[in-house]
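Trainee: Work the whole structure out from these sequences, hints included.
Residue numbers (my numbering), protein chains in the order written: chain A, 31 to 366; chain D, 31 to 366; chain H, 31 to 366; chain X, 31 to 366.
Some hints here could point you the wrong way.
As the list makes no split between identical chains, a pair holds if one copy fits it or if it spans any two.
Computed list of lysine-lysine pairs in DSS-like fashion (alpha-carbon distance at most 27 Å, straight line) [said to hold, decoys possible]: (1) Lys336 to Lys97; (2) Lys59 to Lys139; (3) Lys226 to Lys307; (4) Lys49 to Lys59; (5) Lys139 to Lys307; (6) Lys59 to Lys336.
By construction, these hints were calculated from the structure, which means they are not laboratory data.
This one's a predicted model, so the numbers in the text were calculated from it and none came from an experiment.
There are 4 protein chains.
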Amino acid sequence: MLIVMDHNATEEQVKAVQKAVEVMGLEAKPIPGSERTAIGVLGNQGYVDDATIRELPGVRECIHVSKPYKLVSRDFHPESTVVEAAGVRFGDGQRPVVIAGPCSIENEKQMLDAARQVKAAGGQVLRGGAFKPRTGPHSFQGLGVEGLKLLRQAGDAEGLPVITEVMRIDQLEAVCRHADILQIGARNMQNFDLLKEAGRSGFPVLLKRGMSATIEEFLAAAEYLLAEGNERVILCERGIRTFERATRNTLDLSVVPLIRQMSHLPIIVDPSHATGKRPLVPVMAKAALVAGAHGIMVEVHPEPEKALCDGAQSLSGEGFASLMGEVEGLLKYLGY
Amino acid sequence: MLIVMDHNATEEQVKAVQKAVEVMGLEAKPIPGSERTAIGVLGNQGYVDDATIRELPGVRECIHVSKPYKLVSRDFHPESTVVEAAGVRFGDGQRPVVIAGPCSIENEKQMLDAARQVKAAGGQVLRGGAFKPRTGPHSFQGLGVEGLKLLRQAGDAEGLPVITEVMRIDQLEAVCRHADILQIGARNMQNFDLLKEAGRSGFPVLLKRGMSATIEEFLAAAEYLLAEGNERVILCERGIRTFERATRNTLDLSVVPLIRQMSHLPIIVDPSHATGKRPLVPVMAKAALVAGAHGIMVEVHPEPEKALCDGAQSLSGEGFASLMGEVEGLLKYLGY
Amino acid sequence: MLIVMDHNATEEQVKAVQKAVEVMGLEAKPIPGSERTAIGVLGNQGYVDDATIRELPGVRECIHVSKPYKLVSRDFHPESTVVEAAGVRFGDGQRPVVIAGPCSIENEKQMLDAARQVKAAGGQVLRGGAFKPRTGPHSFQGLGVEGLKLLRQAGDAEGLPVITEVMRIDQLEAVCRHADILQIGARNMQNFDLLKEAGRSGFPVLLKRGMSATIEEFLAAAEYLLAEGNERVILCERGIRTFERATRNTLDLSVVPLIRQMSHLPIIVDPSHATGKRPLVPVMAKAALVAGAHGIMVEVHPEPEKALCDGAQSLSGEGFASLMGEVEGLLKYLGY
Amino acid sequence: MLIVMDHNATEEQVKAVQKAVEVMGLEAKPIPGSERTAIGVLGNQGYVDDATIRELPGVRECIHVSKPYKLVSRDFHPESTVVEAAGVRFGDGQRPVVIAGPCSIENEKQMLDAARQVKAAGGQVLRGGAFKPRTGPHSFQGLGVEGLKLLRQAGDAEGLPVITEVMRIDQLEAVCRHADILQIGARNMQNFDLLKEAGRSGFPVLLKRGMSATIEEFLAAAEYLLAEGNERVILCERGIRTFERATRNTLDLSVVPLIRQMSHLPIIVDPSHATGKRPLVPVMAKAALVAGAHGIMVEVHPEPEKALCDGAQSLSGEGFASLMGEVEGLLKYLGY
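Mentor: Set out below in structure tokens:
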């Protein structure tokens, strides 16, 4: 930590700060400058709580050098992590993974059709939501456990591992019984209790970035999972909230190369939720792969115009097959 | 709903849209314009899902007139709601309420001291967190149920009702046993399952606006509580996330008069989390009252410089007493 | 400046950075920590360009302690500045100033009526736009120099000093001939050439915060004016752009006490542009004064429903008189 | 335009609105709904000013269907525009264009070296700034007209057309004398007078999106250029300001396919300003091309570590050559 003093802080104030740092068991090293004095703090094993310092007279600012995460950081874990889930591998050196399926599970036929289309076109993981977070209480809220069974059945029929969102702790057991990968959605990225329990489950977890989460907060959320001993974590960028509302969210694609630098965990992209517009999905899916994503997650529905949720951003089976043809060519170009 | 067609949409496309609307059991009324045709949709009882329409050829945009909430809306419930909780009343015509106390419950002495300071200065409700949402897993996470007991004890010692945050459904029972008002935090504003259960509890709920929630989403979240038959809901503006990071969040104070127009529910303001800076808290607390807030919630800690959480934004007991003196004068000026 | 090295930076890398700092004529002071080494940079007279450092191997981050402004900073100029303009005084210890008038100057009668209403209700400065920045080219663009004359005439008729926006350098001469205070609008806050010329004019300048300007950038823009020797600068908060579109902008009121801490310059608030909604203007105007604003600027139009620009956020003469009655009472309460 | 009435608006209020619409020379068509009445407005030739309507009793909202632009819209001009500038062609069906060069022109040697590197690696247009917008007045402000000459000389030496930013109207003549394409920067996107004059110049214009401009505002700004009869307009996405500060701006890449839908104008991407970080530039440049950009603009400096401006985001000549090798392969894959 670096403590920056006011331009006109007195020598006594500087000494008082030094003393307060030493009371915390740390070392204080003043760095006098031409305009103001700064004080370096040494000896800490991680993030220092600056509450006792920040308010002392003459202190202008406390600048943290340590971050609120460590286990997820490439700085402390230089080697890339490859996450294996039900035979599918996410990470450096692996062929990028395509996860596809409907936003919400609606009925048996819909899921079987979707699974068939996903499989036929070359998708590797089947998605589908049984518990749906909806802005208002008057919208369709998902089929619950019944939906989980339909998802499993459809996945088994086509030999596809399945992923589904878990929204609350008491759903964890049921979700773990039926799914291969747990998804934690954007709205729950900072539902820290859910993160802890998901971490303890030992299941691979796909963690979506919160709508207004900084990269630092995103990584700190993943740290909750790793802190429970679960290293099978896949990050997912799905768009952030900005002033621009022409797209549903703003896809922050630069996060892909940036997180690959900062963390050893794999990162994938969800262009469906990011853009909210079907015609943009294929082109942004391909851009994500070129940006270095370890996979993509796209919404596919056998009949998008009848979807109970997110129809406007879902590809039809045909649209998905066409995208996969293009992805095939792109991955070949990228060397996979 | 209004369906706007492309400038060069054909007559057949317009007819196909009309038909699709009628299939939904609604009426379609074309409005030809000089530049393009629009189609008014009539007969719906609330929000219409536009998925089947939005993607038809020639459709440019679907504009919703209905909102994803109704019970919270002043449009359908013109009379202001006064929420009564443990003898304290929030709402129009009531003297604004001051909720105060530490961010997190740390130990018995701290809580008893805080309660004494809050009571002495004229605060009406005691706050304190037993379950703490923290960005990183390596920070203090709260005392849990033990903390709830200390909060209750301190409240009882001074005759103050108490409020505390509930973060997960399985904490609800314990929180309801010890607290008078439930708080749902910004990170959980769209934890819809928690909202439903809190709604069912019958307890008064203070609902904080999510960090990146629009007013529409904020009201739709409150709708979840009312949809369970619980009308004792207090809204709380606590700052939103914007590009400006000089304050912890950006206090969106205009929301106070706006929500008073749009909803019949009371709304209070938390200047501590909004600004994150102690010297700004008193002045913004007073601005909030002038803006029409039905109350304020401020962090008070007997020893802010030793606080385990949010010390930099907490007032000392002395600082709080001084603020309350000013609030007293301001409320007199405002006619209370 | 503080240079933070990677966790696993080598001793050679640290030495190379030290050397690069010394080449710049500055002193480098390593601060070894338990997790990583940081290097303090001493001896600079202001902001250091870190381009040569940031990219050296092993460097993780450069943290700046100096700011891109100095003249506007309270740190270097502790005493508050009172700006005097045509007999009106803005700043600490002065009664807050009310600037009012129509968004755009439309005709003689409108301006004379507006001036009369502003004067009668107690406004001290008359505003009106002759050059209008409009989002699209097909909207009314203002009366130009003809408008300036009407503004001057209306001001003279009522004995009110006048303020108007200057949008381009070649308008400066005409504006200086007719107006008492120059306004630089939000869209031009970083039109640096215009700032320089306005600074050189010697006229008092009201500088509006850019729609997406941080406080640091806002103060740096004001620094351009002071760097030309012009200390008569009044800052103006008018709302920032955020994800929330229920109001035209998000009024960032906390900026008022914050800027009063950081700078010695006066700061006023424009609740009309900030909210864009007439019913919110009076309440936010009063909140601004309680937050410590040195003045407010409100749009007043004799016939808002016929305004060529911003009618929806303009008060009528009657509405303004009513607001001024409330402001009168509030200022008395505040001790003016 | 659609006028939405309050739930409990009276019949008289509806009639008053109808009358007000008719006074404007337009037709009003009521659309009674189950919850509220809406009124369609017909007969307008473009955007309707709703000021007289919005404030009538019982009116809840005015929803605009027309946009503040028309000439730039694909809706009214379905065929894609190819912009030709000094022999280089931007647009559909053309090989994407690479613009490269230093942020600011520093001296003759730097520009000649940069031009040689750009040309050798296959860049088609040389960029360089003579007038620099800098946040603070104490930074390097550019060489001015002297710089323009150095840019021209370097372009001529390598047979490259040149582009440079114009910041104020009185620079236009000099810039037009020395450059082939005018650049209007993000900070000037709504400097409407500059847009008009640039439009009148007849020169091709590269218009950068403002830091907080919506797509609608971006297109409306371009409309200013086309309204002056200048159709040679190239749009440029360069990142927007959001809460995320880990990158300099947030590259909003989805805007590329979206603008290709909405407008007939070509759009390119500047990954250097968008990310602000050299290691992210090449990967985001390639992602932009896959997203459908008609070109990219990248900062290249012979000695980035000595650059007077933006060194941290500039590629070296070597780095640029390496990127161009990858771009070559990518364009081949894309069919160019």
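Trainee: Now tell me if each hint is right for this structure.
Mentor: Evaluation of the provided hints:
1. Within a single copy, lysine 336 and lysine 97 get their C-alpha atoms only as close as 46 Å, which misses the 27 Å cut-off; across copies the closest is 21 Å, which meets it.
2. In this assembly of identical chains, the alpha carbons of lysine 59 and lysine 139 never lie at most 27 Å apart, being 69 Å within a copy and 35 Å across copies at closest.
3. Proximity of lysine 226 to lysine 307 under the C-alpha cut-off of 27 Å is found in neither arrangement, the shortest distances being 34 Å within a copy and 30 Å between copies.
4. With identical chains, the CA atoms of lysine 49 and lysine 59 are at most 27 Å apart both within one copy (11 Å) and between copies (21 Å).
5. For the identical chains of this complex, lysine 139 and lysine 307 are intra-copy neighbours only, at 25 Å inside a copy versus 48 Å across copies, given an alpha-carbon limit of 27 Å.
6. For the identical chains of this complex, lysine 59 and lysine 336 are inter-copy neighbours only, at 22 Å across copies versus 66 Å inside a copy, given an alpha-carbon limit of 27 Å.
Against the hints set out earlier in the document, violations occur for numbers 2 and 3.
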